[in-house]
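We have chain A; now place chains B, C and D onto it with these hints.
Number of protein chains: 4
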Amino acid sequence: MTSKPYAIIAGVGAGTGAAVARRFAKQYPVALLARSPDFSHKLAAEIEAEGGTAVSYKVDVANEEDMERVFGEIKDHFGSTCAAAVFNASSRPFPKPFLWQTQGDMDHALNITLHGAYLFAKLTLPLLLNAKGEEALVPTLLYTGATAGVKANAWLQPFAVSKHALRALVLALADEFAPQGVHVAHAIIDGVIRMPLTWVLKPLSSWHAKLDPTAIADSYWHLHQQPLAHSTAEIALRPFCETW
Amino acid sequence: MTSKPYAIIAGVGAGTGAAVARRFAKQYPVALLARSPDFSHKLAAEIEAEGGTAVSYKVDVANEEDMERVFGEIKDHFGSTCAAAVFNASSRPFPKPFLWQTQGDMDHALNITLHGAYLFAKLTLPLLLNAKGEEALVPTLLYTGATAGVKANAWLQPFAVSKHALRALVLALADEFAPQGVHVAHAIIDGVIRMPLTWVLKPLSSWHAKLDPTAIADSYWHLHQQPLAHSTAEIALRPFCETW
Amino acid sequence: MTSKPYAIIAGVGAGTGAAVARRFAKQYPVALLARSPDFSHKLAAEIEAEGGTAVSYKVDVANEEDMERVFGEIKDHFGSTCAAAVFNASSRPFPKPFLWQTQGDMDHALNITLHGAYLFAKLTLPLLLNAKGEEALVPTLLYTGATAGVKANAWLQPFAVSKHALRALVLALADEFAPQGVHVAHAIIDGVIRMPLTWVLKPLSSWHAKLDPTAIADSYWHLHQQPLAHSTAEIALRPFCETW
Amino acid sequence: MTSKPYAIIAGVGAGTGAAVARRFAKQYPVALLARSPDFSHKLAAEIEAEGGTAVSYKVDVANEEDMERVFGEIKDHFGSTCAAAVFNASSRPFPKPFLWQTQGDMDHALNITLHGAYLFAKLTLPLLLNAKGEEALVPTLLYTGATAGVKANAWLQPFAVSKHALRALVLALADEFAPQGVHVAHAIIDGVIRMPLTWVLKPLSSWHAKLDPTAIADSYWHLHQQPLAHSTAEIALRPFCETW
Numbered sequence: 001m002t003s004k005p006y007a008i009i010a011g012v013g014a015g016t017g018a019a020v021a022r023r024f025a026k027q028y029p030v031a032l033l034a035r036s037p038d039f040s041h042k043l044a045a046e047i048e049a050e051g052g053t054a055v056s057y058k059v060d061v062a063n064e065e066d067m068e069r070v071f072g073e074i075k076d077h078f079g080s081t082c083a084a085a086v087f088n089a090s091s092r093p094f095p096k097p098f099l100w101q102t103q104g105d106m107d108h109a110l111n112i113t114l115h116g117a118y119l120f121a122k123l124t125l126p127l128l129l130n131a132k133g134e135e136a137l138v139p140t141l142l143y144t145g146a147t148a149g150v151k152a153n154a155w156l157q158p159f160a161v162s163k164h165a166l167r168a169l170v171l172a173l174a175d176e177f178a179p180q181g182v183h184v185a186h187a188i189i190d191g192v193i194r195m196p197l198t199w200v201l202k203p204l205s206s207w208h209a210k211l212d213p214t215a216i217a218d219s220y221w222h223l224h225q226q227p228l229a230h231s232t233a234e235i236a237l238r239p240f241c242e243t244w
Numbered sequence: 001m002t003s004k005p006y007a008i009i010a011g012v013g014a015g016t017g018a019a020v021a022r023r024f025a026k027q028y029p030v031a032l033l034a035r036s037p038d039f040s041h042k043l044a045a046e047i048e049a050e051g052g053t054a055v056s057y058k059v060d061v062a063n064e065e066d067m068e069r070v071f072g073e074i075k076d077h078f079g080s081t082c083a084a085a086v087f088n089a090s091s092r093p094f095p096k097p098f099l100w101q102t103q104g105d106m107d108h109a110l111n112i113t114l115h116g117a118y119l120f121a122k123l124t125l126p127l128l129l130n131a132k133g134e135e136a137l138v139p140t141l142l143y144t145g146a147t148a149g150v151k152a153n154a155w156l157q158p159f160a161v162s163k164h165a166l167r168a169l170v171l172a173l174a175d176e177f178a179p180q181g182v183h184v185a186h187a188i189i190d191g192v193i194r195m196p197l198t199w200v201l202k203p204l205s206s207w208h209a210k211l212d213p214t215a216i217a218d219s220y221w222h223l224h225q226q227p228l229a230h231s232t233a234e235i236a237l238r239p240f241c242e243t244w
Numbered sequence: 001m002t003s004k005p006y007a008i009i010a011g012v013g014a015g016t017g018a019a020v021a022r023r024f025a026k027q028y029p030v031a032l033l034a035r036s037p038d039f040s041h042k043l044a045a046e047i048e049a050e051g052g053t054a055v056s057y058k059v060d061v062a063n064e065e066d067m068e069r070v071f072g073e074i075k076d077h078f079g080s081t082c083a084a085a086v087f088n089a090s091s092r093p094f095p096k097p098f099l100w101q102t103q104g105d106m107d108h109a110l111n112i113t114l115h116g117a118y119l120f121a122k123l124t125l126p127l128l129l130n131a132k133g134e135e136a137l138v139p140t141l142l143y144t145g146a147t148a149g150v151k152a153n154a155w156l157q158p159f160a161v162s163k164h165a166l167r168a169l170v171l172a173l174a175d176e177f178a179p180q181g182v183h184v185a186h187a188i189i190d191g192v193i194r195m196p197l198t199w200v201l202k203p204l205s206s207w208h209a210k211l212d213p214t215a216i217a218d219s220y221w222h223l224h225q226q227p228l229a230h231s232t233a234e235i236a237l238r239p240f241c242e243t244w
Numbered sequence: 001m002t003s004k005p006y007a008i009i010a011g012v013g014a015g016t017g018a019a020v021a022r023r024f025a026k027q028y029p030v031a032l033l034a035r036s037p038d039f040s041h042k043l044a045a046e047i048e049a050e051g052g053t054a055v056s057y058k059v060d061v062a063n064e065e066d067m068e069r070v071f072g073e074i075k076d077h078f079g080s081t082c083a084a085a086v087f088n089a090s091s092r093p094f095p096k097p098f099l100w101q102t103q104g105d106m107d108h109a110l111n112i113t114l115h116g117a118y119l120f121a122k123l124t125l126p127l128l129l130n131a132k133g134e135e136a137l138v139p140t141l142l143y144t145g146a147t148a149g150v151k152a153n154a155w156l157q158p159f160a161v162s163k164h165a166l167r168a169l170v171l172a173l174a175d176e177f178a179p180q181g182v183h184v185a186h187a188i189i190d191g192v193i194r195m196p197l198t199w200v201l202k203p204l205s206s207w208h209a210k211l212d213p214t215a216i217a218d219s220y221w222h223l224h225q226q227p228l229a230h231s232t233a234e235i236a237l238r239p240f241c242e243t244w
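Residue numbers (full-length UniProt numbering), protein chains in the order written: chain A, 1 to 244; chain B, 1 to 244; chain C, 1 to 244; chain D, 1 to 244.
Everything labelled a hint here was simulated from the structure, so no lab data went into it.
Warning: the hint list may mix true and false statements.
Identical copies look the same in the list; a pair holds intra-copy or inter-copy alike.
To be verified - Below are the PhoX-like pairs computed for lysine-lysine, each with C-alpha atoms no more than 25 Å apart in a straight line: (1) K75 <-> K151; (2) K122 <-> K96; (3) K42 <-> K132; (4) K132 <-> K96; (5) K42 <-> K96; (6) K4 <-> K42; (7) K122 <-> K75.
With the rest of the complex left out, here is chain A (with noise of 0.2 Å):
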């Protein structure tokens, strides 16, 4: 166990969540979180390769009891001081008329969307608080959002409620905490994410227009750098060939 100031990642699959992750693991220890852990784990190998430190954990984050065993597990190893958090799970759009949606699909996506989102907050906020002493660091709470979550679009309503639902959530919280040390952002990314599968899927020409996940983390990155009397509590990152 150590007392050494550390990341969580929640949400690490190829894109964006694997480029944070090595983002915030040069500088603190990061625990990552998925519900598939493959990808994550060879993450993690690759992290430590590197000289890193990073651990990686299978989780489903809208379920309070796997969170709290995998939440044990983290401060049993880190401690109880997180620099911190970041929160990118999702769940996909899928476009359906209204009058075909069901209770299921709207459960669905507020399942991962909203109450994963409010799990990782309650379980990271105490540990994000207990670093608010530690020099030259603002203690970040940082939760992927979409376009979705301030456009509501046909066909897309649980979606569409869910990252409403989701940046409400967050900025309340950057509201509430942020008087109490704590920075918390929601971030507004959009477009296809750059990464091998979706390269295979969209034609080579709009390659250049695809967000990079790097620059993404570098973005969250810099959040996480700004002076409390300075937070941005929302960030839009948009390609410029997005239409809205």
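Then chains B, C and D, alone, in the frame of chain A:
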């Protein structure tokens, strides 16, 4: 059973719900939905005494089985052509520090505000779509929202999350159903509604700054009168003394 | 000279201006302001023929001296108690790459849209404040804005700048004069207004998607009818086919 | 004359302007524009003393002839390839009841904030477009805005109008020039900037709630480092104690 278009008002309490019911009852038979039916039963009797047609139904808007039962009764009684449906049910805000809030607080807010609104849309939209052929009538689905649907404050995560989620649902429905001939709209109502209970709680001097439910009902009626090519998807009704 | 409250409509062309003039003329004597008075003179004659009271004035709304002269005439004729004032004048958007735009393009847009609106506020607010004592009347100052007041697009800098500036002016006036008893509001009108010229230019099939100026006028009248404790400071009136 | 990319900072006073100049001078030669050149001359000397390259120019940003003269001098000295341009000039808010405001108040605000910003865009964009071929460089045009650009309050019509107008100009430029390879962005800066004058005026206790100009400069530099496919068009930097 009648084939005349009618209106459905959900959440009929002594404030906005009653005023909206009275306003729409001037033109349509009205079905009144309320969890505690004492008030709405009395209101229905008053409307009938004044020459209107009104039936009060006891229902938990967040209970799917209950809602399906009541809508079966409504269709048996009023038929399948709905001119206007207004959802006015809501949880109340209970300010509490985030770390003291429970999953139950969040579920309670989402259950009434979002899940009830979702069930109401599922059950009324088919009836509203039936009214499209009617002369000089734009079928209308209205939801009462709050400033918490566009602004998220500390200590009010459950309320803000549920109101943001409601707004996303309604604006996505507006986007989807306008091309199909149904006007869906979200009203941002704020300030203390002027009714007996608030009259007691608040100093008389600020009485005139309170929202008049009759004026809200007039605005809802105005939205219902708008031609579809001119459909306001969102309206804010705020007393000037609101500081935000 | 009469002491009866009256309405002033600026920017009376064949679309929104004419419809607003006809609507307010049902209740009030109306003063019609237009740069090219042929249409407004004819409209005033029609209103008089139908039993109303209307006088048409030729004026450049952006010319301070001209406006002061005309308001002198209005006061001589109608008195100093104005019930409602509607500003409907606007520059038109001329899309052009920014580096080809000139200072003249920007000045032209600002001159009509912002400077005209400013002069109109300066000259009408004292007359509106005089109407405060009147029974059952909330004096109202309305401005017609556009989506360009909330969204700024490439090639349209002068139009977007002038419409954002107008919106700021109106919302700041709303904030300032509501406590003094005057309802000030901004309407975001969009889509092609339905009138003879656009009828020729546009395919018939999209006719129903165009805004009906009569419906806009009804919404303006509804805003004027709102009690002050229930004053909508901004309303958006958009046809559903608008993609924004 | 050099062909190395350089930066231009307009509005170099003791707060944000100075911090931005120092930050960009770590990477680029900098041209500093100020109306009162005493401070910026001294700053240029300090930057030179620390090994950087800086030239201070006295100019009224709202005077077209003056601006053209100075940009001629800049091109003679630094060449025609600009990496980054930051516009930081602004009028100050002078709260005053609307009916006491004069056309001069409005003109003064628009002149510096909007007209200066327009001239700056006209003169820097051709130089920024020249930098497109440069390795690992996204030419960047940044403007300092204010919360008054998104919120219009009583008594502050000239300030709010000019800041809304500025924001519309910048967001329309962002929309137009991103596809051409230039990142244009608007920063909503708020709160009292921390500098000697405000230190005297404000109680010491709130010192830490003030914005740190160095932190603002870091955020501006971060925006300049973003890849174009990941360009934030607007960022808000607010101390948590701002009530808005």
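field: Alpha-carbon proximity context of K122 and K75, limit 25 Å
entry: within (14 Å within a copy, 45 Å between copies)
task: With 25 Å as the alpha-carbon cut-off, assign the pair K75 and K151 to within, between, both or neither.
output: neither (38 Å within a copy, 34 Å between copies)
query: How would you classify K42 and K96 at a CA-CA limit of 25 Å: within, between, both, or neither?
result: Neither: 35 Å inside a copy, 42 Å across copies.
task: First find the shortest C-alpha distance between K4 and K42 inside one copy, then the shortest across copies, and answer within, between, both or neither for a cut-off of 25 Å.
output: So K4 and K42 pass the 25 Å test inside one copy only (24 Å; across, 43 Å).
Alpha-carbon proximity between K42 and K132, which holds within one copy, between copies, both or neither at 25 Å: For K42 and K132, the Cα distance exceeds 25 Å both inside one copy (32 Å) and across copies (38 Å).
- request: Go through the copies and call it for K132 and K96: within, between, both or neither, with a Cα cutoff of 25 Å.
  value: between (45 Å within a copy, 22 Å between copies)
task: State whether the alpha carbon distance between K122 and K96 is at most 25 Å within one copy, between copies, both, or neither.
output: between (33 Å within a copy, 14 Å between copies)
Taken one by one, the earlier hints fail for this structure at numbers 1, 3 and 5, listed in ascending order.
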